[in-house]
Every structure is written in C-alpha cells, then in structure tokens.
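Residue numbers (my numbering), protein chains in the order written: chain P, 266 to 366; chain A, 35 to 659; chain B, 30 to 559.
Don't read these hints as lab results, they were simulated from the structure. Treat the hints with care, as some may be off.
Said to hold, decoys possible - Coverage of chain B stretches by chain A, computed from C-beta distances (three or more under 8 angstroms per stretch; other residues unrestricted):
#1 53–64
#2 325–331
#3 366–373
#4 392–404
#5 422–434
#6 452–464
#7 490–499
Stated by the list, open to error - Calculated Cβ distances over 12 angstroms to all of chain B for the following chain A residues:
#8 114
#9 127
#10 197
#11 215
#12 404
#13 565
Glycine included, C-beta positions come from ideal geometry on N, C-alpha and C.
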Amino acid sequence: MNIPMEQGILLAALLFCIGLTGLLVRRDAIFMLMSVEIMLNAAGVAFVVAGSARGQADGQVMFIFILTMAASEVSVGLALIIQLYKKFKSLDMDRASTMKG
Amino acid sequence: MKELLWLIVALPFAGSLILALFSRKLPRFACAIIGVGTVSMSAIITFLISIDFLYNNPTGIPYNQVLWQWMDVYGLSAKMAFTLDTVSLTFVFVITFVGALIHLYSAKFMWKDDGFARFFTFMNLFIGFMLILVLADNFLLLVLGWEGVGLCSYLLIGYWFKEPANGYAARKAFIVTRVGDTALVIGIFILFMTYHTLNIQAVLDSAPSTWVVGSGIATITAFLLLSGAIGKSAQLPLQTWLPDAMVAPSPVSALIHAATMVTAGVYLIARTHVLFDLAPIAQTSIAIIGAITLLVAGISALNQQDIKKILAYSTISQIGYMFLALGVGAWSAAIFHFMIHAFFKSLLFLGAGSVISVMHDEHNIFKMGGLWKKLPVIFWTFLIASCALAALPLVTAGFYSKDKILWLAFASDKGSVWLWLAGITGAFITALYTFRMVFVTFFGQIKAQPTQRIGIWMTIPLIVLAVLSFAGGFIELPDNMGHVVLFSNFINKTLPVTTIKELGHYTELIFQLIAAAVAVSGVVLAYKLYFGKKFPADEPQRDALQRFFYKGFDFDLLYDKVIVTPIVFISRINKNDFINQFYMGLGSFIQLLNKALSATQNGKVRWYATALVIGAIIILTIFYS
Amino acid sequence: MILACLIILLIGSGLLAWLAGRWNSTLPRLISLAAILIQFVAVLYIWIESKPNTAGKEWITSYSHTWIPAFGIQIKLAMDGLSLLMSLLTSFLGVLAVIVSWKEIKKRVGFFHFNLMFVLAGITGVFLSLDLFLFYFSWELMLIPMYFLISVWGYENRTYAANKFFLFTQASGLLMFLSILGLYFIHGRNTGVYTFDYEQLLNTSMGPQIAFILMLGFAIAFFVKLSTVPFHSWLPDAHTQAPTAGSVILAGLLLKTGAYGLIRFVLPFFPQASHQFAPVAMTLGVISILYGAKLAFAQTDLKRLIAYISVSHMGFILLGIYALNEMAMQGVVMQIIAHGISIGALFIIAGALHDRINTREVEQMGGLWSKVPRMGAMALIFVMASLGLPGLGNFVAEILILIGSFLTNKTLTIIATLGLVAATIYSLRLLQKVFYGKENKHWEIPDLSIREMIVMLSLTAVIIWLGLFPTTVLYESKSSVKKIIEEANNNYNNEGKESIQIKKAKNVPMPSTALIEGKQNLIIKHLNAN
C-alpha cells in the first residue's frame, strides 16, 4: 500500500512543529533535548519519505547519518546538562542567563 | 625742526614704557621726573615747531611725516604717518602744554599714592595716544588713537581699583564710548568702500566730487562719524559715562575729561568737515544735539552737590557749545572755545581736586564753606576760572570764545534764532551753577577746617592756567572790539571761513550786550540765592523733579531697563548653552538605544531560539514570496 | 627634505621622550624642548632663506616620496607663505607649551611629552601635506594624543570633555574622509588616474550638486574643528578640562587647522559651491561672534570664559574666509596668528592662576592686582588684545576682516561689528572679576616666576610687533592668499566653460611625471647600454 508522499511530508512537518514548540515552551533541559530529538527524527522521516518517493536509497542513507549525529549530540548534550546542573542546581534553562544585558 | 614731530609722540610712549618696565627699581622721584619730563619735553618741542610753523608757513600747508608702512593690503594702504596743520597744531599745543602742567600738578597730588608709577605710566600712555589721534593722517591711525585714549581713560578711571564702584564706572565709560566707536568704524568701512583709501586728506579732497550734497550715503556716513564723536565727547544720548567717571583722581578728570579726550569728537568733526558740508541734515543735527545737551547738562549741573559732578556736567554742557558751533559751521569758533575751555576747565578740576584733598576727601559743596580766606591761591585761581566759565564780559577769555559761538549760532548761514536762544539760556544757567558752586564752597560759614597746604608744585600750574584763562581770549576779539583775528586766521588756513548772514551793523553789539547781561544776571541771581546763606548739610532733594535733574535726567535708568537688564538676563539664562542640550540629547538617545538593545541579550536559550525561528520565518517569507 | 625632517624630528623626539621618562622626569622635558626649539629655528631659517625669491615661485620648498602607489598615495609636503606662517606659529606655541608645562605636569612626564610631540607632528603634517590621504592621516594623528592629553592630565571633568572632543572631531572627520574618497573616485573616473594628490585633484570637474555635497563633507569637518556655532559644544569642555599646555595647543593651533583646511582645500576645490554656500557660512560666522560673546559674558569659570572668547574670534575667521576677497583673507591669516598668541597667553595666565589658587571660579578671585601685579599687567595687555585694541595684532586682523567682508555683504558685517562692543563687555568683565574690585578671598600667592615671565614677555613682544608691523606677516602670506582667492573666484567666473584650466599647474614639477621620466631614462640607459 502506497502512502502518498504528501502525507509523509505532512507527518514530518507536524513532528517538526511539535518538536519546535516543545523546544520553545519547555524549560527543563532534558525536555528540550527530547524536543530536539523529535525535530531531528522529523527531518529524518522527511528524508526517508522523499527517498522512497524517488526510489533511491539516498534518503535512508541520510537517515543513518542523522541517527549517528543525534546519538553523538545527545551524549555531549547530556554531559553538558550534568555540568549545568552542578553549576545551577536545577535543570531550568532560564536560570542559566548570567550573561545578560 | 619739523622733523622732530615724531618725537612729540614718541616721548610720552617711551616714558610710559620705561615706567612700566622699571618702576620697581626706580625711586619715586625718578618716576616723577620721567613722567612729567617726557610730556614737558613734548611741550617744548611743540613750542619750537609752532614757531617754525607760524613763521615759515604763512599759508598753513600741512606738514607730513611718514614713519613706516603700517598695512598694505589690496587697496588699503595705511601708513604710520603724521600730518601737522593748524588745527592739529592747536590740539597738540593744548594736549602737551596743558598736559605738562597737569602732570606737574599730579606729581605732588599723587605723591603719597601706592601706585604712583602706574599712574604716570597710564597718563603718559594717554598723552601718546591722544597725540596720535590728532596727528593721524589716515582714519585707521585715528582709530588707533581713538581707542587708545578710551583704554587709558578706562585704566585711569578705575585707577583706585580696590573700590568696585570705580571699576564699574570705568567699564561704563569704556563700553558706552565703544558703542560710539563701533559706529565710527562702520562709517570708515563706507568711506573705504567709496574712496578705496583711508587717507584723510585724500578722502576729503575727493568727497565733493564723489558725493552729491544731501545724498543718502553721505548723510549715513556723516551720522556714523557723528555717533562716534557723540560717544567720545559725552553728548546726548551717550553722555551717561562722564559724571560717573568723576571717581577718577582729579588730575585725570582735568586732563581727560575736560581738556583732551572728550574733545576728540570735536576734532573728528572739524577734521572731516567736508563730509558734513555734504550732509546738511547731519550738520544741523550736530547743532541740535549740542543745543539740547548744553541745556540738559546745565540743568543737571544746577542740581548737583558733588563739586566734581558739577564740573562734569559743566563739561558736557560746554562741549555742547562746541558742537553747536560745529553744527552751524563756526569751525574756528569751536576750536577757539575748545582751547579756552581746556584752560579754565582743567584749572577748575585741579582746583576742585585741591579743595577735596585739603578737606579730607570731602566732595559735597554743602559741607564746605568759608574757604576763601584759608585757601587764597586756590580761591583766586578758581574764581578766575569760574568767571571764564560763566563768560563774564570783557575780562575773561571765556567771554570771547563763548560770545563768538552765540553770535555765530544766530548769524551763521546755518544758524537760527532757536539755536541762539538755547545758547543764551544755557549761558544763564552756566553762570548760575558756576557761581552757586563758588559761593557755596568758598563763602559762608566754615563747616570744616582745611588742614593741609598745597605745595608750590601744585600752585604753579594753577597760576599758569589762570593767566591763560584770563588772557587767552585776547587773541581773538570780535569785530567791534578791535577785530583781532589772530586765531581764526590761523585756523582758517585749514578750515573754511564761516559764512554769515547779512545783518545790521549794530546787531552784533546788541547780541554781545545781551550775552553780557545774561552772564552778569546769572551771577547776581546766584549771589542772591547762595551767598552767605545758611544751608543744612545736604540740600534736600525735595521733589521728584529735583531728583530727576540730580540724576542727569535719569538716562541711566532708561539704559538700564532697556539695554543692560535684558542683555544680562539673556546671558544668565543661557549660561549653559541650549545648543549643548541637543548634543546631550543625542547622547541620551544613543544610551536609550543601548539599553533597549542590550535587553535582547538576556542570556536565555529559549529567547535566542525563538529569535532564530522568527528570523528564519521572515527570511523564508521574503525570499520565497 | 627639510619638511619631512621637521615631522620626523617631532615623532622621534616624542618616542625618545617616552623612553626617557622611565628614568628621569626632567629628561623628557629637555628632549622635547630641544626638539621644538630646533624646529622653530629651522622654520625661521626657511623663512629667512626664502625672503629674496618669494616672487613668482609657488612653493618655497616641497618634498615628495611615494607611499602606496597602488592607490596613488604619496608623502607630499609643501610649504608656501601661508603654511610657513602656520608652521612658525606651531613651533612657537609648541615651545611655549613645553615651557609652561615644566612645573605643571608631574606624573607620567615621558608619556605627556610623547603626546605633546605627536600632536605637534600631526599639526605640522596638516599644515604641510599636499596629499589628501596624508592630510587625513595627519588630521587623525592630531586627535588621539590630544585625547590622552585631556583625559590623563586634565581637571575634574576630563573624561567627559575628552570623549566629547574625540567624538565630535572624529565623526566630522569621517564625513571629510567620505568627501575625500568621493573626490578620489570622481577624478579617477574622469581622467583614469586614481590619485590623492592635491594639485591633480584641483582640476576635477564635477556637477554642481555633487560638488556641493562633497564640499559640505569637508566644510562640516572644518566647521566642527573651527568650533562654529552650532558645532562648538565640544570646545568649552575640552578647553576647560585640558591642562594648560593642552589648552594652548588646542586653542592656538588645533582650531586653526580647521581654518587652514577651509582656505587650502574647500575654497580651491569647490569654487562654485563655496560661492553658493558663502552667505550661509558668513551668517554662521556672525552668529558665532555674537553667541560666543554672549556666552563668554555669562561664565563664572575663567577657562570656560576664555574658551568662549575663542568661539567668538573664530566667528571672525569664518566671516573673513567666506567673504572671498583678498583683504578679508589677509585679515584671516592675521587673525589666526594674533588669536593664537593672545588666547594662548590668556590660557597661560589662567593656568598660572589655577596653579596658585587651585580654582577657576571667578567668584573666588577679585582684587588680585595688588597681589600679583605682573600677572595683572600681562592679563591687561592680552585682554586688550582680545577686545581688539589698535596697536595690538588682533585689531589689524579684525579691521581687515571687517572691511573685506563689508565689501561682500554689508548687513552681516554691520552686525558683526557689534561684536566689538560685545568683546569689550566680556573682556572687561574678566579683568574686573579677577584683578580689580574687592578681594573675595585673601590669597597669598607668588607673582609670575622668571620662567613664566619669559613666556609672557615673548608673547607680549610678538603681539605688539604684530600690531605695529603687521607687514611682516601680511607680506609673507600675500602670494598664497592671492593665488587661493584667484582660484576661488576665477573658476566661479568661468562657470559656463567646460574644462577649467589653471595656468599655475604647468609650473609645478609633478612627482608622478618625474617618476615616469625617471623610468624612461632608465629604459633609455638600458637600451643604450645594450
């Protein structure tokens, strides 16, 4: 059963917006990271859908790239969050604004 | 002999310079010798040059001496050069001779003063500048002398500088005369624009062929020159500085505010008479201003108590006579009166100074009295001078000079009966206030004892000036009294003869009798009112009118309200310069922007992310629409 | 060569002074005094040497050297009568500034003299440079040391004053730079030669609107430097807060660079635009005269009062420049020199007074003549100079300017002449408040020392000499002024014609052509050798 490309892209867009909204709205660092993951995966879905629509494997290759990048990014990000937590004693990212004005 | 002309000017300047540089090292006696000596030597050289001039130069051709090229800029070629003709010779004679006498007097008068050397520095400087003024051959050099005497007047009026009122009077004199000077300078601009030269003789020679009689530009220029003269000679409406200038030491008042500086205006108008001939309106204005001034000043003099203020207003009034004469074209009469007035007025001031100093700095005549026995020399010389001032008939020089003016005020082509009436009324008032002063000061009850005597060095100048006040008039007798015209012939080599109307043979005699009668009756009235009467210590200022006259018709109040207060107000309000506010505002605006923009850097990650997203959306919409 | 040496001497001595300051406080003073004295003597030497043959020759001496040939930038210096007088004034006031700051500056003396020498080097560069890039370079070179002079050794409000000075001058300088670039590109597009050379840029033909805009760029920069109302706000603060030597250099020289720029650059480059702009500029000049006088009258801070006197006198200069005739321009040259001398003297007196009583408020002074008579006498002479007393230099200047501008615009000149009365009012107030009247406080202060008297007496001698024998100055500047006015008026009269030829361009040895000739000679030699 073929899913029309538009619906796939729509899914990707929707997922991206959900991720974006989550990034902008959430204050907790881990939730921000999770939202970023959702955005990355949304981009990946878009790539896969486009790749399958053209019948090429490039989309899936891109998705592997994205997955790899997401994994490394998450590890670095979690390490940074641990350091931030040690400094500010909370995961609220709004607290980390000592450089202002 | 004539080559020594420059020495007459250079000597006082040299004296001033030496005193300025070395007075600390020299003993007081040496300073006096330098101060008095330089002017005396100038007087001697003047005397020698005048003999040369009188005998070797019957037609009165001017003698020019060029010293160096002062400026030479694209059409304006001004030299440091002196021109000696009969008019300037008269002025030089008065300046050096009377100046030397006054310097001699002040050597003793100022002996005990701390700033003795400073006094003579400024006095010599003044004589130098005044000589430049009357000897200048171009207008710029004349302005140099003109401003220079203004400076020296400022320095000498404010000589006793510790008293703020003296400084105020000095500033007032300088500023009021500067207003006139500015008008003079603008007149000089117009002259240069028209004639492309500022050499006085060249301008006067080409004026009749360049300007039409009565033309606008000639009239404007003449009025501007007249304004300069009014400022320096303390005529209406710029006369307010002279009475206040009486805070100066008396020799200063004698020299500057009686004999020389205030007559600079008379010199200027006489020198540029051609321009005034071309502007009849201006010339008539001179006469009218002179007439009004002599009346206003005379009435003010009548209401003064300070002896020097009486003499100050009297000076303003007498210069009014000179202006009256100039206005009706009586050139030689004006200069004659200038010379005679220099003699008796400086004598009066020196006498007044002596009285003040022996009466312990008392200026109020109503606090004096009965001095005629105690101070005989001062009294007799003062009396002779007062008779000259009141123009008592026949025996005083003042009679001959003033009478000539009164006669010509009526008889000249440009004269009128109204001018004569003003003059004759003024003569009455003059006699009245003069003898009011004499009787109250020297007669009556002794209110305070004079303690000092004046020395021989102060007496000699008084006597010499008294002799001149008596005998000086005999060189110019009217037609029906011997027709001696030595002086007017001398002056008329340079200035034109006054044209007079056709009048009856006895008219002049009638006018002389009227003038004589008026003078004598003034004396008699003064005698009746003031001789031997008892006065309270102050003549009370009974009503507003008397106070008005006392303040010299209150021009001071007028100028204060209309000019001084607004200027000071505007200055004070804008002390911090409103234009600066614009730049401060600019700075504040930038700082505001700074605050606004730094608010966007608040360190919050979500804020930055939002900004990113919005920016991306905007760019995408712009580029893909 | 000697011209380049003048600048190098100053720069070198500045660096040497900075180094020497590490060991000894007196050494930098001696070094800079020696350097500036040598400079003064050198300029005098040039003057004396030039006397016999001033007729006809355009520049007394010139020097050029390529710098950045890719952009057409050279180090081109030249001296004519006008710049000779300016250089004389620079070195003379420089000597006085060094002597005056002998006792006054106590900390970081080496750095102070470094800044002083560099300011003087920049000013000399401004007066001598004939390459527009070099001119701008010197212009900016004047700024930064002056900023340090004010902000390190100044008085209580120095940071504000220094910042204000810097911002004003820098911003207007940028406008000038834009105009320079505009000229550069237009000339390049017209002739294909991209150069910053003064003489080549003189012949640039451009449309009237663009000329006007470019002229405005230059003019605003020079107006700000000349402290014309309404751009004068920086001046009172800068002058008041600067140390005495700084004030002398600022008032005596820096302001005059603005005047010099107008004379040397604006008038010859943009004749039509200058004629168009002249009424506005003359009005601004008159406003400066009167507004500056009014402000001077109201001040209670002595140095601020003298600063506003400067504003007023600079108004005369602006009036004279834009009268666009030789007489007024000669008056302007005279005023530049006479004002530099008289205002420098007044600032030195104010500085000497501040050293003794530590205040600048006139309400704290009064009756000082009896305590410091020599200072009083000197103040009297220079106050009289600033009010335009004949016999001193300022009178000659002002009368020439006024007569000259009267020939151009009668109404404005009459209003300007009122400035003479205004000058009297504020000058006498200065004298009265400080030296006459009652003593407000009983100060026991020493009179002027020998060192200070030497300075003051030399200034007095110069101002009296200028008043009585102005021909020494006027004769020197005659040919330069004549040339500039001819260019400003000739080109204006030839407006309709296509290419504006100036005959003088043929006489000048063009360095660029000399280079080409040199290369040609080399090629010929090379060919001959083969």
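Legend entry - Violated hints - listed by number, lowest first: 1, 3, 8, 10 and 11
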